[in-house]
Amino acid sequence: MDTRKKNISLEDLQRIVGEDHAREATPEDAIDGVQPSFVAEPGSVEETSELLRFAADEGLAVCPRGGGTKSSLGNPPRELDLVLSTARMVDVIEHVPGDQVVRVQAGIKLQDLQERLAGSDQMLGIDPPETRSGATVGGVVAANSSGPRRHRYGTIRDLIIGITVVLSDGTVAKAGGKVVKNVAGYDLSKLFTGSLGTLGVIAECNFRLHPRPEAARTVAVELESTQAAGEAAQVILHAQLVPSAVEVHWSDSSKLLTLLIEGIPPGVEAQSDTASYLLRGFGEVRTLTDEELGALGPSGAGEEVAIKISAPPAELTGVLDSVLGACSRRGVAPRVTGHAGIGVTFLALSGADDEAYAQIVEELREIWSRRGGSVVVREAPPAFKERVEAWGPLGSRLELTRRVKEKFDPRGIMNPGRFAGGI
Amino acid sequence: MERDGLIRAMKSILGPEGVISEREQLRSYECDGLMNYRVIPELVVLPETAEQVQRIVRTCYEEGIPFVARGSGTGLSGGALPVEAGILIVMSRMRKILEVDIPNQRVVVEPGVINMWVSEEVAEDGYYYAPDPASQIVSSIGGNLAENSGGVHCLKYGFTTNHVMGAEVVLPDGSMVNIGGGKAPDAPGYELLGAFVGSEGTLGIATKITLRIVRKPEAVRTLLAAFKDTEEAGGAVSGIIGAGIVPAAIEMMDALCIEAVETAVHPGFPQVGAILIVELDGPAAEVENQFEQTLGICEENDASEIRVAEDDAERALFWKGRKAAFAAMGRISNDYYVQDSVVPRTELGKVLKKISDLGEEYGMRVANVFHAGDGNLHPLVLYDNNVPGEAEKAEKLAGDIVFTCLEHGGSLTGEHGIGEDKKKYMPKMFTTDDLNVMQLLRCAFDPHQICNPGKIFPTPRLCGERPGPFRMHPVQKAGLAENL
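Chains as they are written, first to last, in the working numbering: chain A, 1 to 423; chain B, 1 to 484.
What the hints contain is simulated information worked out from the structure, not anything from laboratory work.
Here are the in silico distance ranges between beta carbons for each label pair: (1) A/Ala118 with B/Glu407: 29 to 35 Å; (2) A/Glu94 with B/Glu99: 40 to 46 Å; (3) B/Ser28 with A/Ala118: 53 to 59 Å; (4) A/Glu214 with B/Glu120: 33 to 39 Å; (5) B/Glu231 with A/Glu94: 20 to 26 Å; (6) A/Ala118 with B/Ser304: 36 to 42 Å; (7) B/Ala316 with A/Ser396: 39 to 45 Å; (8) B/Glu120 with A/Thr289: 41 to 47 Å; (9) A/Glu355 with B/Glu99: 38 to 44 Å; (10) B/Asp312 with A/Ala118: 35 to 41 Å; (11) A/Gly294 with B/Glu99: 38 to 44 Å; (12) B/Asp312 with A/Glu399: 49 to 55 Å.
With the C-beta cut set under 8 Å, the calculated list includes, among others, these residues of chain A facing chain B: (13) Gln100; (14) Gly154; (15) Leu167; (16) Ala175; (17) Gly185; (18) Leu191; (19) Gly194; (20) Pro211; (21) Leu241; (22) Val242; (23) Gly373; (24) Val404; (25) Ala420.
A short list of chain A residues far from chain B (calculated; beta carbon distances all over 10 Å): (26) Asp12; (27) Ile16; (28) Arg23; (29) Pro129; (30) Glu222; (31) Ser225; (32) Phe282; (33) Glu292; (34) Ala348; (35) Glu363; (36) Ile367; (37) Phe384.
All C-beta atoms in this analysis are idealised placements derived from N, C-alpha and C, irrespective of residue type, glycine included.
Construct the complete structure from the given sequences, taking the supplied hints into account.
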C-alpha cells in the first residue's frame, strides 16, 4: 500500500522522532471515522516543535492526542493526516510538596499523577470520569474535562498555573509559572484550556495542588419529583456546608441528590449530620456504600449519544423537566446525572434512532441557549454528527474566536473542523 | 482628527459634562496609584453607559486614537497611566449594581462599582464577594478584573479570575462581545474570559461583569502569633501547610513593619522580630479542630506569644494593623517604594535572608509584609526623596529584590501587575518567543494596538508580523535558564 500522503513518508517522521516512535495509522486511530495516515510520538518539547514545523511545511492536518479518551468530542475532523501522541512525554518534572505545586509533561496519565501525589497526601483537585480510562493531564486541559469535585475545587482552568505550548509553526512558548499567585503576562494557560488542540500542542503544565482529604462520606436523599431536586439543591447551595460535590442522578431506577463530604473525620461527621437534617424533608436520607456509589457511576454501557447541558444552577428543576419532556415525547428513557450546584447536566441516550436524538438535542438547545446556557454533544456516532453540530452557536464571540484561531494557527492545520465555530 | 474636532465628537456622545479638556483638570488624571510615572492625557471622558463606551471606542478605532481605561486609579503598576495624545476613559460613572441573583449566587455589576459594595449588597443574604485587595474600599470591579486582583484571602478562595463568571466587553474595534457563561457554566469556544481577566486593560473594556458570590463561612477563627524572627515564623507557616490545613489567610510582618504599624494605628501588636496572622474559616467542627492544631504548630515553632481573637472586634483590630502596613511606612520614612513579587513558599526563608543582605549592601531599610501562604512578598524599600540619588537607589534595590525572586523560581508580580512599571523586567522572566506568543492574543483582540498601548510588553510587536521559526533562547541553550 502506498503510505505516501501529501508527499511525505513514514521515514520523514521517523527521522524526527526516532524509528520506533512513528508508525502508519490503523483504523483504531480514526476520529469519527476519519483515519489519519500516521501516528508520531515525540519524546520532548524539541521533537514536538520539529514535528509541527515539518507538518506545517507539508500542510499536514494534525490532531494532538493524549489518552484518546475524548476522541469523540467535537465535530468530525475536516481532514486528518497525523496524530501527534504525547504518550512518551510522561515525566513529573518537579514536585515540591511544601509548595503544593507540580510541573508535569502533558502526556502523563492523570491517574498516575494522582497516585504519585497521594504519596505526599496531595492531589490535583480534578476528577473527570475519563481518569479511569487513561486520560492524560494534557488531554484533560485541552478538553477542559471535569468531574463532580469541581463543585469545591473548580475546573482545570482554576488549577492550572503555568503552561508550555508548541504552536503549529514550531514556536515553543510558556506562560504563567510555578507559583500559585502570579499576574505577569497574559494567562495563556487558560486560553489553551478547552481549546481541543486547535491552538497548538500542550507540552507541559503546572498546577496548584490541594491536600488529600482524610475522610469522605456520601449522603444521599431520595427524590420524589424534579421540583424536590431543585429545592433540595438550593437548600444545600445556600447552607454553610462545604461539600466537595453535589450530584443529581435521575433515571427510572434511581432519583437521588448526593453530597460528597470530605475533610477531617470530625468535620465530615458534623457536616453529614447537618446535611441529613437539611435534606430529610425531601425524602429518605442515607449514607451510600461504595457499592451503591459505583453503581451510580457516570459511564453507562451501550449509550449512543451523550449530551451536556449548561444552565444557571438554580434552574435544575427546569433542566430536568425539559429533558424528561423532550425524551418522553420521543419514547426515549434517558439517564441523567449532573453537577447540581454548578449547572451542568449530562444526558445519556440510547434505544432510539438518530432522528429522535437529533430532535431532542435541537429542542434542548433551543430552550437553553435562549436562557444563557448551552447544549453540547459530547459523544455520538459520526452519522449523527453529520446532522447535529456538536457545540452550538457561539453568538457574539464567533468572530473574536476565529481571530484568535487565525493568529495562533494561521495555516489552520491544528485539529481542523472539530472545534466550535467551525474551527 | 484635530483636538477641537475630537472634543466635539466626544461631547456629542457624552454631553459637555462627560468630557474633560482643561489642562488643569486633566492633570488630576496624570497617574494612578503608581506616582512616579505621569502623563497628561489629551482628553478625559466619563461614559455612563456601555453604548457610550462603544461609541467612544469606535471613534478611537476609526481615527487611530489610543485610549486607556481607568477605574478608581488605585493600581500600583501604572496600568491606568494615560498615553500621550490619547483618551483616558474613566469608568467611575458606571457604578450600578444591576442584578443580585442569590439562587444562582451571582451579582451583575457595572465596572465602576466599588469592590466593597458587592459584599455589602449581599451581606444580609449571608454572602460576600471573596477577592479582597487591600484597596477594596475604593478600587473598582472593572479595575480588579483588569489586574486580576488578589487579596489576603485568595490563598484559599482564589483570585479575581476565579470569581468573574462573565463579562460584556467592548473590543478595541468598538464591537461588543459577551465572554464567559455568566450564570451558566462552560460556555463553548475558547476560554476568552480567562485570558481577558488580568490582561491589564490591553484587550478591551468590560462594561458589565457577572461575579460569583460566596456563602459566608459558619465559623471564623483568627490568631496572632509572635516569633523571634521571620525564619521561626516561616517554620510555623510550613508546619501549618504541611499539616494539610488550608487557612483562609496567613500574613507575616517583620520587625520594621510592626514598628511602623504600631506608630500609625496602635493595634498593640507585640514588638518582636515577626508576627503571623492566621485565619481559618469554614464549617465549625473542621475549623475548631484545625485551629487547635494550628495553635499547637505555632507553639512548637517557639511562638513567644499567641493571641486569639475573641470576637469580630478583635479580629478587625488584627486586620486593621495588617492592612495599614503600606500607609504606615510614612510614619517611619519620608518615602517608600512598594514592591510585589512572588517566590515558591519553600524558598521564602532563603529569599528573605537575601533581601536583608541586599538592604545592608545598599545601606537601606527594607520592611517586609507579605502573604506568607502563597509566597507573595511586598518588600517596602524606605528612602528619602530629599536626599539626591536615593529614589534611584531604592528603585534599583527593589529591582534586585525582584531578580532574587525570579532566581528562586518566582514571578515578577503576584497581584499588582506589570503595567508600565515592570515591563522592562519581562525579558528576565519570559523569552522573546513567550512574549511574542502572548502578543498573538493581543493582535487578535486589538490589531491596531490602540487599547492601553505600551503596557506589559517591553517591545510591542506589530500585528502583521509572524514570529519566526523556532529557535531556542540563547539563555536556555546555554543551560542558564530552563522552561518553566
